[in-house]
Amino acid sequence: MMDTPKKNTIIEGIRAQFPILTQKVNGRNLIYFDNAATSQKPKSVIDRISSYYEKENANIHRGVHTLSQEATTSYEQARQKISSYLNARSESEIIFTKGTTDGINLIASSFGELLNPGDEVLISAMEHHSNIVPWQLLETRKKIKLKVIPIHKSGEIDLKEFENLLNKKTKLVSITHISNSLGIINPIDEIIHKSHKVGAKVLIDGAQSIQHEKIDLQELDCDFFVFSGHKVYGPTGIGVLYGKSELLNIMPPYQGGGDMIEKVSFEKTTFNVLPFKFEAGTPNIVGGIALGTAFDFIESLNFEECQVHELELLRYAEEQLRSISGIQIFGNSKNKTSVISFNVGNIHPFDIGTLLDKQGIAVRTGHHCTQPIMDFYQIPGTIRVSFSIYNTKSEIDLFMAALNKSIQILS
Amino acid sequence: MMDTPKKNTIIEGIRAQFPILTQKVNGRNLIYFDNAATSQKPKSVIDRISSYYEKENANIHRGVHTLSQEATTSYEQARQKISSYLNARSESEIIFTKGTTDGINLIASSFGELLNPGDEVLISAMEHHSNIVPWQLLETRKKIKLKVIPIHKSGEIDLKEFENLLNKKTKLVSITHISNSLGIINPIDEIIHKSHKVGAKVLIDGAQSIQHEKIDLQELDCDFFVFSGHKVYGPTGIGVLYGKSELLNIMPPYQGGGDMIEKVSFEKTTFNVLPFKFEAGTPNIVGGIALGTAFDFIESLNFEECQVHELELLRYAEEQLRSISGIQIFGNSKNKTSVISFNVGNIHPFDIGTLLDKQGIAVRTGHHCTQPIMDFYQIPGTIRVSFSIYNTKSEIDLFMAALNKSIQILS
Amino acid sequence: MNYTEKQNSIIEDFSMFDDWMEKYELIIDLGKEIELIPTEDKQDDQLIEGCQSRVWLKSNYKNGKMFYYADSDAIITKGIISLLIKVMNGEKPKTIAQEELFFIKKIGLQEHLSPTRANGLLEMVKRMKLDAIKNI
Amino acid sequence: MNYTEKQNSIIEDFSMFDDWMEKYELIIDLGKEIELIPTEDKQDDQLIEGCQSRVWLKSNYKNGKMFYYADSDAIITKGIISLLIKVMNGEKPKTIAQEELFFIKKIGLQEHLSPTRANGLLEMVKRMKLDAIKNI
Ligand SMILES: Cc1ncc(COP(=O)(O)O)c(C=O)c1O
Ligand SMILES: Cc1ncc(COP(=O)(O)O)c(C=O)c1O
Chain A
1 MMDTPKKNTI
11 IEGIRAQFPI
21 LTQKVNGRNL
31 IYFDNAATSQ
41 KPKSVIDRIS
51 SYYEKENANI
61 HRGVHTLSQE
71 ATTSYEQARQ
81 KISSYLNARS
91 ESEIIFTKGT
101 TDGINLIASS
111 FGELLNPGDE
121 VLISAMEHHS
131 NIVPWQLLET
141 RKKIKLKVIP
151 IHKSGEIDLK
161 EFENLLNKKT
171 KLVSITHISN
181 SLGIINPIDE
191 IIHKSHKVGA
201 KVLIDGAQSI
211 QHEKIDLQEL
221 DCDFFVFSGH
231 KVYGPTGIGV
241 LYGKSELLNI
251 MPPYQGGGDM
261 IEKVSFEKTT
271 FNVLPFKFEA
281 GTPNIVGGIA
291 LGTAFDFIES
301 LNFEECQVHE
311 LELLRYAEEQ
321 LRSISGIQIF
331 GNSKNKTSVI
341 SFNVGNIHPF
351 DIGTLLDKQG
361 IAVRTGHHCT
371 QPIMDFYQIP
381 GTIRVSFSIY
391 NTKSEIDLFM
401 AALNKSIQIL
411 S
Chain B
412 MMDTPKKNTI
422 IEGIRAQFPI
432 LTQKVNGRNL
442 IYFDNAATSQ
452 KPKSVIDRIS
462 SYYEKENANI
472 HRGVHTLSQE
482 ATTSYEQARQ
492 KISSYLNARS
502 ESEIIFTKGT
512 TDGINLIASS
522 FGELLNPGDE
532 VLISAMEHHS
542 NIVPWQLLET
552 RKKIKLKVIP
562 IHKSGEIDLK
572 EFENLLNKKT
582 KLVSITHISN
592 SLGIINPIDE
602 IIHKSHKVGA
612 KVLIDGAQSI
622 QHEKIDLQEL
632 DCDFFVFSGH
642 KVYGPTGIGV
652 LYGKSELLNI
662 MPPYQGGGDM
672 IEKVSFEKTT
682 FNVLPFKFEA
692 GTPNIVGGIA
702 LGTAFDFIES
712 LNFEECQVHE
722 LELLRYAEEQ
732 LRSISGIQIF
742 GNSKNKTSVI
752 SFNVGNIHPF
762 DIGTLLDKQG
772 IAVRTGHHCT
782 QPIMDFYQIP
792 GTIRVSFSIY
802 NTKSEIDLFM
812 AALNKSIQIL
822 S
Chain C
823 MNYTEKQNSI
833 IEDFSMFDDW
843 MEKYELIIDL
853 GKEIELIPTE
863 DKQDDQLIEG
873 CQSRVWLKSN
883 YKNGKMFYYA
893 DSDAIITKGI
903 ISLLIKVMNG
913 EKPKTIAQEE
923 LFFIKKIGLQ
933 EHLSPTRANG
943 LLEMVKRMKL
953 DAIKNI
Chain D
959 MNYTEKQNSI
969 IEDFSMFDDW
979 MEKYELIIDL
989 GKEIELIPTE
999 DKQDDQLIEG
1009 CQSRVWLKSN
1019 YKNGKMFYYA
1029 DSDAIITKGI
1039 ISLLIKVMNG
1049 EKPKTIAQEE
1059 LFFIKKIGLQ
1069 EHLSPTRANG
1079 LLEMVKRMKL
1089 DAIKNI
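Protein chains in written order, with my numbering: chain A, 1 to 411; chain B, 412 to 822; chain C, 823 to 958; chain D, 959 to 1094.
Keep in mind that the hints are not guaranteed to be accurate.
[Stated by the list, open to error] As a list, the in silico BS3-like pairs of lysine-lysine whose alpha-carbon atoms are at most 25 angstroms apart: (1) K24/A - K981/D; (2) K981/D - K405/A; (3) K845/C - K816/B; (4) K674/B - K1000/D; (5) K263/A - K556/B; (6) K951/C - K928/C; (7) K454/B - K55/A; (8) K948/C - K263/A; (9) K951/C - K880/C.
[Said to hold, decoys possible] Here are some chain B residues the structure puts well away from chain A; computed CB gaps all over 12 angstroms: (10) K608; (11) T680; (12) E710; (13) E723; (14) F761.
None of these hints come from the bench; they were simulated from the model.
No experiment lies behind these values; they were computed from the predicted model shown.
The C-beta atom is built at its ideal place from N, Cα and C for all residues, glycine as well.
If we strip away everything but chain A, and leave its shape as in the complex, we get (with noise of 0.2 angstroms):
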């Protein structure tokens, strides 16, 4: 597999435009491959927030002066914007949140109150800690019953135990996209199509996916989406929760306080339409503005041709992985994001992690946030890679060499 001189050039721009890129760590330049923790930020993101707090800051959405009028315009263009990106029906139906977690929390907590003693609610083996957690509180608080879809050897999950697990008493399935630390994609249209059937609703937690992948909410036709800012080249503290509108309205509010309300009084409280109706509080503007300007981003680039890079990058580290004698990559299936998780031997992967560090490449050890998966192949944890359109090759060649003489040294 070659670089075209093309697509080098194309490469450069778009490392051009991450400003983190030229930091040195530890004396080397910095190769960055733990994408999937957080992604950096282009400079047009950065930019964004400073010119927002340097020429338009105010507080939005009841001011009539000029500045509060321009930020309330600025906060909800981006949420028209990132509606349209993801093709919700609606901007409405498109909330802010604080990012990945706080939706689903937002999701277990309000649609949790619709749930029954008794009630079913379906996640899988490889769902990140913010997606078992919010769920294991509600099993304490609602009395309904948590299901786990098992996972093959493969890291894939077992379609056939998620049809046997699916019943009319499933009322919700809450499932990753792509796992974070297998980089495994779910076949989330066939899940979805499936719990529909039983009249289960579908939570997708898009984290790793919302990078990665083009989403179209009205074809895959989940009935929430959650996804955070910081993993998507924008800032953190700031995430989304889509959900369908006919859900969002009969769901209890979530927080209460400034702006989620029609009408206060002692008496009676009404609250507000959708989206503000979840939006209790001074939002975080500047961190939905920027977010907007993140996918402005995203809009910039040629999608299909960041995936193809993304694919290479995985087949050619996965390539060069293999050679190394006692190596286990966790996490095999056709369908795979640009993340591998992999361990060497008996070496214990926060060595290695230790010594590619001091080499100026970061990547991420231990158990992801998925302690269940760690249990699973029974070990301690993995060393993760992770790409991103402005990784190269070179860098994995760069990556390939200090993982060699990290071994050499712990062997």
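Starting from the known structure of chain A, arrange chains B, C and D with the ligands on it as the hints suggest.
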């Protein structure tokens, strides 16, 4: 009252740190009198955000690589700084939230779980919607009783009625330190002391006080204290909840997810120690770090001098306003911060707000998220001007001229 | 004058002022002069609650044409309403439903139709059009 | 050598390397050579769970002096532990409780004691000191 040249130099020095103050609005220099809604940001805070994203960005708490470790250190140092600024006993009592509203909802939900039907929660008639609606939602959910301390015509809290309402069933008194629509400073020392006598816990809504008062949590001895970063020179999407550890420790977690767990399995999940137990998911990392910078900025000021300046602005503006025929000022007390709410004759506040804006002056009009106060005075809303340290008397002079012109046109 | 001409004529009226305050003086005068809906007629179901100012709206369909009555507690809102009514009154439902309403933006008042919820104007315009659609 | 001297001697050992990888090779060698706590002795109450690597710690107080046994599943952690034990073993509880532990920072390993929860080292050092305090 004359401005001394020395003081003018100090204020000019402060103004120079706020880039937005040189903006033009509708062709005029911006006069920003909407500080109770949100404060403007000094350059140091804005630059901290950019430099984080340009040089340091990583996810925190679990990474072994350098960026992640340094980001973690910055985030935790911000927590320490805020803890020591507020004089909390330990930084583990400082929980980062999305803002005041998020903090109050956290307490209503989590502390609320410890309450029993018939238990009473006391708020005042001057609370912000964010300190009303969460308790109304809790009332529905847990069958507690919400009771309201009335206010006098002056806007001051009725302390006699407060004592009458206080009883053994009172489990929580949740009260604002400073009224955002009236500017009145509540006697919270006394309220905390008397509440504790009957065994009630006290939550102080510090959204308005954090910018204007020096807070010493150990001296105050309140059980919870919440505020928003965006009202104290910090970014949007971040806030702080302080809670006494003995309470936070017995409260159930609010949200479930990454970072707030110790160990997750499908059989049994255990939770992390404070403060992490209440910080599920990737936090607003940059928000926390930049909020630390905002407190650096505050510590660079002479706080008492700034308070004197703000009070001078308050007195000067009140004096000028009282000369207008037909003016009615809401909120009269010896203990006020630099917030003035008023109406002129029968002119609708929206009309005045619109015309002031056309003259470059940003004020807020409406109910300021305190509809019960508006109902109390039987008015649709007020015009509110609120000053910060960077405002000046000459801005008040320009505001008065613009106000008089507006009144003339509208009469 | 047709729908477009009426709007252009308002735009022309406003183009004579280059100062914002003068434009608003004209709007306020319009708000003061025209009694839009008798107070005793104001019903709750005609109320559109803005976050700051309130708007009442009543529509009539007569002889193939739409007629609107409205009011607001804020005089600037009232002035803008009177402009809207000037343009829409006596028009066919189809015209109101389909033709562009551009003068608000052209004279620089679009902020009053922004989704800030400050006033009920945006909601009012929507209802005016909906009421028209019902009579197509 | 006293507590400070022992630390200075380690710092000197490490000062010979200017390359990070070489420093770590030394740490890893230390981790490999020393059998720190017999595996069969590892009890759950001695386990300090880091987010990534785990640490076991056992303290003994004998003849007025502290002795520590420890282990980890990660070899770098193990190497650092062996350094800690080199410094602390045979010292009076008071010394360990009160005197400064500075060598970790000086040789640039302070990140292993940062509150990132990646490993249990910070917690382990705390327990080492606490165990010493109990015997003062
Ligand atoms: C007294 C008071 N409480 C609560 C709030 C809510 O703060 P936020 O909207 O930042 O959550 C505000 C701010 O509007 C306030 O002034
Ligand atoms: C699949 C998945 N779900 C949920 C989350 C939680 O996202 P956040 O921490 O941004 O709330 C993550 C990110 O760590 C993830 O990868």
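So, going through the hints one by one against the coordinates:
1. A distance of roughly 20 angstroms separates the Cα atoms of K24/A and K981/D; the hinted pair therefore holds under the 25 angstroms criterion.
2. A distance of roughly 14 angstroms separates the Cα atoms of K981/D and K405/A; the hinted pair therefore holds under the 25 angstroms criterion.
3. Our distance criterion of 25 angstroms between C-alpha atoms is met by K845/C and K816/B, whose separation comes to about 14 angstroms.
4. For the given pair, K674/B sits about 20 angstroms from K1000/D by alpha-carbon distance, which is consistent with the 25 angstroms threshold.
5. With a C-alpha separation of about 20 angstroms, the suggested pairing of K263/A with K556/B holds against the 25 angstroms cut-off.
6. Of the pairs offered as hints, the one joining K951/C and K928/C holds, with about 20 angstroms between alpha carbons and a cut-off of 25 angstroms not exceeded.
7. With a C-alpha separation of about 12 angstroms, the suggested pair K454/B and K55/A falls inside the 25 angstroms cut-off, and the hint holds.
8. Proposed proximity of K948/C and K263/A is supported: the alpha carbons are some 21 angstroms apart, at most 25 angstroms.
9. For the hint linking K951/C to K880/C, the alpha-carbon distance of about 12 angstroms falls within 25 angstroms, and the restraint holds.
10. No Cβ of chain A approaches the Cβ of K608/B within 12 angstroms, the least distance being about 26 angstroms, so the stated non-interface status holds.
11. A beta-carbon of chain A comes within 12 angstroms of the beta-carbon of T680/B; the shortest separation is about 6 angstroms.
12. With a cut of 12 angstroms on Cβ distances, E710/B stays outside the contact zone with chain A, its closest approach being about 20 angstroms.
13. In this structure E723/B is separated from chain A by more than 12 angstroms, as the shortest Cβ-Cβ distance comes to about 24 angstroms.
14. A cut-off of 12 angstroms between C-beta atoms contradicts the statement that F761/B is not in contact with chain A; the least separation is 6 angstroms.
Consistency note: the structure conflicts with the earlier hints numbered 11, 14.
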